[in-house]
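Asker: Two chains, two separate frames, one set of hints: put the complex together.
Chains as they are written, first to last, in our numbering: chain U, 1 to 463; chain G, 1 to 302.
Think of the hints as simulated: they come from the structure by calculation, not from any bench.
Just so it is clear, CB atoms sit at the ideal spot from N, CA and C, and this is done for glycine as well.
One or more hints might be untrue.
Stated by the list, open to error - Which residues of chain U face chain G? A partial, calculated answer using Cβ under 8 Å:
1. V29
2. Q72
3. G345
4. R352
5. S378
6. A381
7. S392
Okay, here's what each chain looks like letter by letter:
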Amino acid sequence: MSRGVQLTLSCALLCAGLALPARAGDPTVLPPGTVFGEESVRQPREILHDEADGGRQSDLVALGNMAFSSPQIFGDPARKAGLTCETCHNQGDVNPVFFIPGLSDRPGGLAVVNALFNTQTTNGLHRHIDIPSLRGIRYLAPYGRDGRIASLRDFTRNVIVNEFGGAEPSPKLVDAITAYMEQIDVLPNPKLKSDGQLTDAADPAARRGERLFNRTFPQMGSQSCASCHHPSALFVDHLQHDIGTGGAFKTQTLLNADFTAPYFHDGRYATFGQVVDYFDGTYKLGLTQADKSDLVAYLQAVGDGEQPFENNTPDRELDELLVFSRPLERAIGEHDMSVVDLAVGTIAHEMRELQERFPGPSDPLGAGEQALLRPARSAAAGLVIQLRRVQSAAQEGRYDEAMAALKAFRSQADAARPVFLAALPVSLYDPTLAAQHQALVAELTPLATQSTPPATAGSKPNP
Amino acid sequence: MQRGSSSEFVIGARAASLMLAVSAGSLLLSPITANAQSTARHGILLAESNSAGERQPGKGMDPALEAKLDEAAAAYKKLATADIDSLVANSDKMLAAMQAGDVAGARQAWIDARAGYERSEIFTIKFPSLDSAIDFWPNSETGFHGIEAKLFAPGAPLPLAETQTLVDKVHTLQRVFNGEPLYGHGVLVGIGSLAFELGESKAKGGESAISGTSLLDMQHNVDGIELAWNTVFAKIVRDKNAGVADRVEKEIAEVRQLVSVASLDQVDAQALEQKAEMLAGSVSDAAVELGWPAPDFTDTDD
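Chain G extracted, bound-state conformation (with noise of 0.2 Å):
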């Protein structure tokens, strides 16, 4: 889910990556700083794709070894094209069926839209301004839970303009996607941060509370991390060091069990903060071993 602008998300990565700069004692401006600044000077701060925190190679990290996380990452989003397809073709899908006023089907569409969506919250923070629009939370003027509260509420009218808006973005989100490329790093922020936001997002009665498919959103997030993990990183944080690596495959294995239930109200939401925040915990020791200074996992800003 996305909660919050992409200008804030510039100016807030600027923030914690100058206080990285400072604590490690240097005055020069990481990659992310500079980047963000210049982002900031050209008044951008809404564009469709922000590359900030994409590509942070760390002092010892290893060009070679940088260059096959890229690859790996590029295999990766071979297979999330998947999801991002199975998305649009649900959106569109939605739409059709709201038009010809059929509200089963409507409704059937957007939980299949979601399902693509939420795997792919790995990467969807690369697209702020994209993001906001399609998965605001909490909100209920746009996007998949803007519909959502219409959709599923006995009763009100059908939300056509609301899910035309969402189509176009959805359609953008598939241009950018498909134009952008993903790098190793910011896959791994991705996983760490939607690992951290999973272990808060039971407490507060889920994300998509009026569908009743909040436990889905789990269950899908869960989907995207394990692929994104097994496809960028298993071997080659295995091949650095396997401990780590063991650590990470155990916990994603254990918050999938935690999310494994027939019902929300069977979510065990203490049980899946630990773990949930354990993995994060792995993930970011996995991002050292890689060479990587330790990530920041807020942006989980709800």
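Chain U with its partners taken away, still in its complex shape (with noise of 0.2 Å):
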């Protein structure tokens, strides 16, 4: 990294006492200008099938889901540099702010081919990819923008391995993996009945729209959007089509699409109105204004989700990590350190980020307010600490002491529930002061997000 990637950064660090958030990217691995926006409390809301049915995550989808939030999965310098599924796929949905400076041509995507995660598979192309939702992703064969993987299982793999550079994965971790995303359920809809059909409880002009979208077009080979887009197939056909976009690629659902800003293989459109202009210009359809609009409305109403944002608490992390225990547990029980190492890396990390949303004295947002903020701050290091432990027993071959250690954790974490919540007014778990300090951070950092990554050699942008 050179000197001036590293002034632009430490004037940032040292022009106030602000918490930066850990894993905005290691700052040593990544450019300046990162943003993995992990800081923000609001977040997509993810519906788990075997939750929402009133069950629980199996062990094996509790460990994929951790898996999930581990860069340990990765290999350099992805690891290094904190990326996870999770950093993407927030919550299962997408990330429509994340950027990586030389990497990504807009944020919520990256050219996931690139020279930095893995200089095997470069090949002096620039392409970006736009995040794709994972919610419904069961049912979303093929993978891959382009649908050239069939298997959800092998599109992992080819994830971890050839795209971000990670070491083969064990079988039974990839099969975790696959079984957390095949439990990502799509947000209901009351607009839509379960055969894709507009409810009474969409408005006029999305009705009209409704029309519009399975009317064929000569145009369009006489077909219609709905021909791609089968209404009662979750708005997909599992196939590839060339739309002039620079080859073909496979229908995307429209469900819940309302959150998936922005739209294309490689996001080059930022709203419906400009896709619906996009078919209607490429494909000579005629519309009118009013039709577009109509159209608008309709992909509003079928991209529609019951409360797709919630905010992140310390209860839900608390109870996340504690589902995280579980594998954990089970690993110790069959002496499995590969797993062990990988879940307290990944718990103790996360806690470590919850502690970081209680400010220290030395933030602007935290110096009146220690007498709350500490105590969170020190439960939540005692935590960390006795996951170390843990690990520690565990390393050396003391399985039991590790599962009373784990034990002693579990009652630990819920003691500290209350400190925690006692804590969050004052906290960067509330909404109002994670945005002032998102702010202040900002204010800081214009240097940083202003500077011009390092070109990677041979590349050219998309077409």
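Answerer: Here is the structure:
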């Protein structure tokens, strides 16, 4: 990394006592201006199928969920940068602010084949891919924007090994990550019946748009929008089509698409209006302005979902970390050190991130509230240290002690919960404080976000 | 690195110890609590020395053992004096170099002065207001890092006034340090806190990113941890529980190995996080072996 890069970053760090998110990417690995956006309180709502049915995440799903949040399954430098599946697929959805200068043409995606993450697969091309949502992914084969891989499991292994340079994962781990992703449901949409037709909850414009959506156009080979986006089949046809955007790409579902902008494989269009304009222009459909706005209203109705976002809370985080502790317990029992190390590393790091949401006394937002914040920080640190005790005991073959230490961790977590909740109103879990904090950080980082990334050798922009 | 002012430290320590007292089912105020409260009552929160957390005998603490630990802490203090002396001498040298317009000399003296300070972070939490003035981070207005921002930035005016202030503060630190005893418990909390802090410093680009000496900071932190452990605790903990002593020493060596690389970008942040946290846990285990309650290592509030 050049001196210039160090200067831009450290100015931001030194200008005030702000807690910067640790996993905004390791500044010595990723270029300045990298945005992971993980400090946001608001996050997509994730529905896991078995939980929604009143069950729980199986141990296999919990293992996959945990690995999904772990940089350790990737190779360097993705691992060192703290990148995880979850970074891009936030709560199984998308991450519209994700941006790595030099790798991303626009926020919300990146060229997944690149010289930074895996030199072996580098082809001298730069192809920005928009991050897809994983909601309903089990129904949406084939996989990849070009649909080149039929199996979600094979695709997942490819992402880990070839795109992000990870070591060959154990078959169980790939099973687990796949099982987790297969749990992610589409958000319910009261405007749609089970066959994909609009209900009475949809407004008249949307209903006019529905008729247009199903109307065949000679200019499109006597097909309709619905010919590929089958309303009764989650708005996909499991096929690839060349619609003039630079190759054949698979049909995307329109469900929950209100929350997955931008659109097309490379995220070239920010709005449904632009998408409709593209089809109108490309196929010379002769749509009127009213037609277009009706189609947009229809897409918005189909793309809607109940409670698309929710606020992250220490409660949710603790619950999740306790779920992650189940595969840890199983791994201790099975003396499976690779999973023990993976689980402890993941949970402990998330706990450090939780700790950082309780600002210290040098942070302007935390300075006056240390009576509440410090116990929360202290409890989180105690949990981190306790997890490392689990790991340390297991590594030395003292599995009974590791198990006892894990039990103690769970009790400690229960005791920490009210301490975290007491500090929540003065923490960065409070959306207003978090927004103020982000604004302060942004004010201090104009240099970092404006800096020009180093060009990738041989790269060329998308057509 | 110091990340906060003394008043907040004291209030926080009180809240934490209140929690401990409550969770132990006892309504008696611990010595720390009483100390912090009286400090607060007398309005001397910005006092240069704050011995909160220094002496905290556990219920089962053997007085003879504690005396032995305090004696060892005094021996450590003698060794640490060399680091403080080096801090002072190099700070003086930095000021003189700046006055002579010798930028290269001032930069080298800054780096040398920090070495002594970073090794001393075991006990600088004992002097919160001084630590805050000397090493507040991240903050470009005062102390080492305020000077760093100007001294290492090409073309910036030399920070003479800031350096004069720093020189005054390190001389005060030397005087106060020489006049104050170090206790075993304080040294142990210092070791654990510094270990825990090492686990997160890399992920943020290091403490001294402008001068490019963050890696040196980490190496000197490990020096400080090792010196304090070997001088105060190694033998006494080994006599109590050789397994715990082995673990602490193995983990110190592992942490050292992880920061013994050519440049900051070669530090494996996740491995360092793991080993540093394990070390903090083992140091906490050592405290329990010695009869102290499991200590609180949350002085790492950035």
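Asker: Could you run down the list of hints and mark each one as holding or not?
Answerer: Checked hints:
1. V29: Holds, about 7 Å.
2. Q72: 7 Å, holds
3. G345: At about 6 Å, which falls below the 8 Å cut-off, the nearest Cβ of chain G leaves the hint on U/G345 intact, so it holds.
4. R352: 6 Å, holds
5. S378: Check passed: Cβ of U/S378 comes within 4 Å of chain G, closer than 8 Å.
6. A381: Given a least distance of 5 Å, the restraint on U/A381 holds.
7. S392: It holds, given that the least Cβ distance between U/S392 and chain G is near 5 Å, below 8 Å.
Against the hints set out earlier in the document, no violation occurs for any number.
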